[in-house]
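Enquirer: What follows is the residue order along each chain.
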Amino acid sequence: DMKVTQMPRYLIKRMGENVLLECGQDMSHETMYWYRQDPGLGLQLIYISYDVDSNSEGDIPKGYRVSRKKREHFSLILDSAKTNQTSVYFCASSYRDRENTLYFGAGTRLSVL
Amino acid sequence: GEKVEQHESTLSVREGDSAVINCTYTDTASSYFPWYKQEAGKSLHFVIDIRSNVDRKQSQRLTVLLDKKAKRFSLHITATQPEDSAIYFCAAFGGGYKVVFGSGTRLLVSP
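As they're listed, the protein sequences go chains A and B. Each residue of the first sequence is one higher than the one before, counting from 11 in my numbering. Each residue of the second sequence is one higher than the one before, counting from 1076 in my numbering.
Just chain A, same shape as in the assembly (with noise of 0.2 Å):
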């Protein structure tokens, strides 16, 4: 079954408090993606992984940082959050040819207050 998930589906934080946002895959998938959805501004690409310890940034990568342990798990962190982080978040995967279809995940949508 070709799943990405996310969890928690819904969290809301305080400003300042760190939050860990998860993202598994079952499709061995080498690439995987976070993004942030605002009203206007589309996907805006935080992150990118390659596979196992491979990150890059993305167009937005201030204020997170990612890690992947695991080919299968990506994890999206912001160490003291703000209010401007408030959205929803999606992960994605992949596999590694050039073109190929992003799946995605449900979505996290993060409140911070």
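Treat the hints as calculated values from the structure; they're not laboratory data. These numbers come from a predicted model, not from an experiment. Glycine is no exception: its CB is placed at the ideal position from the N, C-alpha and C atoms. All clues stand as given, with none of them false.
Using 20 Å as the maximum straight-line C-alpha spacing, the simulated SDA-like pairs for lysine to any residue come out as follows: (1) B:Lys1117 with A:Ser121; (2) B:Lys1146 with B:His1082; (3) B:Lys1117 with A:Thr111; (4) B:Lys1173 with A:Ser104; (5) B:Lys1117 with A:Tyr20; (6) B:Lys1173 with A:Tyr105.
Chain B stretches covered by chain A per the calculated footprint, using a threshold of three residues with CB under 8 Å from any CB of chain A: (7) 1106–1112; (8) 1162–1171.
So, partial list: chain A residues that the calculated Cβ filter (under 8 Å) puts toward chain B: (9) Ser66; (10) Gly68; (11) Leu112.
For chain A, the structure is supplied; the task is to place chain B on it using the hints.
Expert: Quick look at chain B alone, frame taken from chain A:
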């Protein structure tokens, strides 16, 4: 890096009419252009794509056109149905496998 501009933020059509969503990109090296659909409250899923070695691709009621000279591609939906209502995102594969998305077009199909 690659940038993708999606020109229509919203598009309203009547059921049965056609809808066209236009996107432009900046990187002449980009060679793959997928489209994704996001239904209300849900995640994104792939609908159709086009590679730069062709200028047209059709899949049932969906057609994608690519104009490499103008760095423009478009999604055409014919005989629209209410279930076509969604946000559609165009995208381009930039350098380093980075997939860059447009800002999305909200398509509303009214009966």
